Structure formats: structure tokens, C-alpha cells
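Here are the chains, one letter per residue:
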Amino acid sequence: MAKIIVDVMPKPEILDPQGKAITGSLARLGYSGLSVRQGKRFEIEVDGEITPERLEQATQAADSLLANTTIENYVVRVDQ
Amino acid sequence: MRVGVVTFPGSLDDVDARRAVTLTGGEAVSLWHASDSLQGVDAVILPGGFSYGDYLRCGAIARFSPVMAEVIKAAHAGLPVLGICNGFQVLCEAHLLPGALIRSDRRTFYCKDQDLRVESTDTVWSNAFTPGQQINIIIKHGEGNYQADAETVKMLEDENRVVFRYINGNPNGSLHDIAGITNERGNVVGLMPHPEHNVDPVTAPTRDGIGFFESLARYLGALASRTQGGTA
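Heads up: the sequence lines are chains P and A, in that order.
First residue of the first sequence? That's 0 in numbering that gives the first Met the number 0, and the numbers climb one at a time after it.
First residue of the second sequence? That's 0 in numbering that gives the first Met the number 0, and the numbers climb one at a time after it.
Calculated directly from the structure, the hints in this document are not laboratory data.
As the structure is a computational prediction, the values presented were derived from the model and not from experiment.
There may be inaccurate statements among the hints.
[To be verified] Beta-carbon label-pair distances, calculated as ranges: (1) A/P130 x P/R40: 27 to 35 Å; (2) A/A68 x P/G29: 50 to 58 Å; (3) P/L28 x A/G39: 53 to 61 Å; (4) P/G32 x A/D121: 33 to 41 Å; (5) P/I49 x A/S29: 40 to 48 Å; (6) P/V77 x A/P204: 36 to 44 Å; (7) A/S34 x P/M0: 50 to 58 Å.
[Unchecked claim] Pairs of lysine to aspartate or glutamate residues, derived as DMTMM-like cross-links and limited to a Cα-Cα distance of at most 20 Å, are as follows: (8) P/K10 x A/D199; (9) A/K111 x A/E26; (10) P/K10 x A/D104; (11) P/K10 x P/D62; (12) P/K39 x A/D114; (13) P/K39 x A/D53; (14) P/K39 x P/E12.
No residue lacks a Cβ here, since even glycine has one placed at the ideal position from N, Cα and C.
Throw the hints in and build the complete structure from the sequences for me.
The following block contains the structure:
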């Protein structure tokens, strides 16, 4: 089934406490020099073909619900 | 004074909020998240808790519940609305208040008695306090770190819309030590601390939460006398 992917990330200027915790944990495990920011990935299954209208619909969904644009950015793309 | 308290799936403090309304002389009315009726209440409280399990983001799902469509409409028309903790998060997600609440910069869940300064008494929910008054109210949250862009924070400060500020220590990294804010009109207030827990000496070290309900009563009283004066 065709899929649309929406990636949501905290904006660069917004603190990401979860990412910081993961970064700290990685360093303790010996993975030095890695800095993590944590986001979310939404996989949206679509009935039928992915049309420009479907992508527009997913973009609206991302803007209204999946992301909070005050603190997050999102990218909508077709799963290849 | 009929005060509606919304119960979402996962609300925790709706019972305490209703009890606080009753203890301070009001009539508490239970409002259900899936209903689109506000039952003609004079004010609405969105209580603390973990609505919809905090799925997606705190308050993000609750914001689209049927009752919220009515709350948003009524708030724009001037209905007093108080969002406490998760209720504050819902108000931000609903864009009734600007900004957002993210995880504490210390990544810990705080549960303690917190000193606050009342910065603005020019709201429906804070007019019974005096400007600069120090109060102590319980906080208990993991995601109360208030964030907004610099322009929004400047606007809040310039327009005296920061209502409560953390003092003697910022528990969560909140910008400008912000604990609570209001909308332009002063009828919608959101804050992370829990005034409904500070109304009874049996369960709290202070009764500073009573001021919130006194403020509402004073506002509604003034509104009623103005309406009567107008029709007399």
C-alpha cells in the first residue's frame, strides 16, 4: 500500500531534553562525538494512488495535528 | 456561580477541581469531553492529568475533542476559562494561549510546593490577588517548560500577560520563569501550578488557591451587577 511519511523534529532553537538524555547515554556507552536530536516519524497508509491532493491532505494533517509548529518543523514525503 | 470542569479520558484532577469550586461557594458542573454542551456554565476549568495518555503531545488530542470546539468558541466570546497543568497544555495546543509546554530541561517530574509571584491581577482569575503578591501553590509536572519565540515572549511581557512567575527557583527551565499566562482579553488563563490543590489546610500547606476562585466570583459578580444596571 502506498505510504506518505511525515517527519517531525523539534525546531533547532528549541531545547530537546530527550535528545540530550540519549546523547548522554550514548557517550556513557562509548559512542563519543555523537549528538542526538529526537523527533517523530509518522507512516500514513493511503487508499489508492498518492496524488498531489493526497499530499496536500497529509500536509494539512501535519500542520494541524501531527506537528505543533510553535516548537516543531515537519517534512511530508512519499515513501519510495 | 456555575463552574464547568471538563473530564477527558486520563484527566486526574477533575474531582479536586470540582471540590475546590464547591468549597469556595460555587456549583461544580461536570462536563464530558465527548459532549458538545457546556450546559450554560459561567466558567470552565480544564483540569490537570494526562488527557488521552499524553499521546502525540500533551493536550494535542484533547484539543480536538467535541467539548473543546465549544470551549474555544465560548472563550473567544469572553467566557472565563482556566487551564491547570494539562489544561494549560490543552489551551496552548488550541491556540487560545500562545507558545507551548515542553519537557523539563532537567528531565525530571517535579512534585513540590512552589513559590510564585502574582505578576498581573488584570485577569478574571487573578484579580483578588495584589500585584507582586507572593503565593505558594503545588506543582507536579514533567512537561511545564514554557517555550515561545522571542517576539511572543516580548509581547507577553510588554502587555503584562505573564500572570504568574516561578520565584526562589525555576523548576523546569521555563522561559522568563513563566508559570502562567493570559490571553489578550484576560478571560483565559493557563498555569502549570495547581490552585485546586491549595484550598484545604488538611491537604496543602497554604490556601492560596482560593484566590483564583474568589477572583472568578468577583468578576462574575461585577458582570452581573453591570448587566442588571443596564436592564434596570
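Structure-based check of each hint:
1. A/P130 x P/R40: 27 to 35 Å: Cβ of A/P130 to Cβ of P/R40: about 47 Å, so the range 27 to 35 Å is violated.
2. A/A68 x P/G29: 50 to 58 Å: Roughly 52 Å apart at Cβ, these two residues keep to the hinted range, so it holds.
3. P/L28 x A/G39: 53 to 61 Å: Holds: the Cβ-Cβ distance is about 59 Å, inside 53 to 61 Å.
4. P/G32 x A/D121: 33 to 41 Å: About 51 Å separates the Cβ atoms of P/G32 and A/D121, which means 33 to 41 Å is violated.
5. P/I49 x A/S29: 40 to 48 Å: 44 Å, holds
6. P/V77 x A/P204: 36 to 44 Å: Distance hint for P/V77, A/P204 is violated at roughly 57 Å.
7. A/S34 x P/M0: 50 to 58 Å: 36 Å, violated
8. P/K10 x A/D199: Roughly 42 Å between the alpha carbons, so the hint for P/K10 and A/D199 is violated.
9. A/K111 x A/E26: Distance ~29 Å between A/K111 and A/E26 Cα, so the pair is violated.
10. P/K10 x A/D104: The given pair, whose Cα atoms are some 15 Å apart, holds under the 20 Å limit.
11. P/K10 x P/D62: Roughly 14 Å between the alpha carbons, so the hint for P/K10 and P/D62 holds.
12. P/K39 x A/D114: 35 Å, violated
13. P/K39 x A/D53: 15 Å, holds
14. P/K39 x P/E12: Holds: P/K39 and P/E12 sit about 17 Å apart, inside 20 Å.
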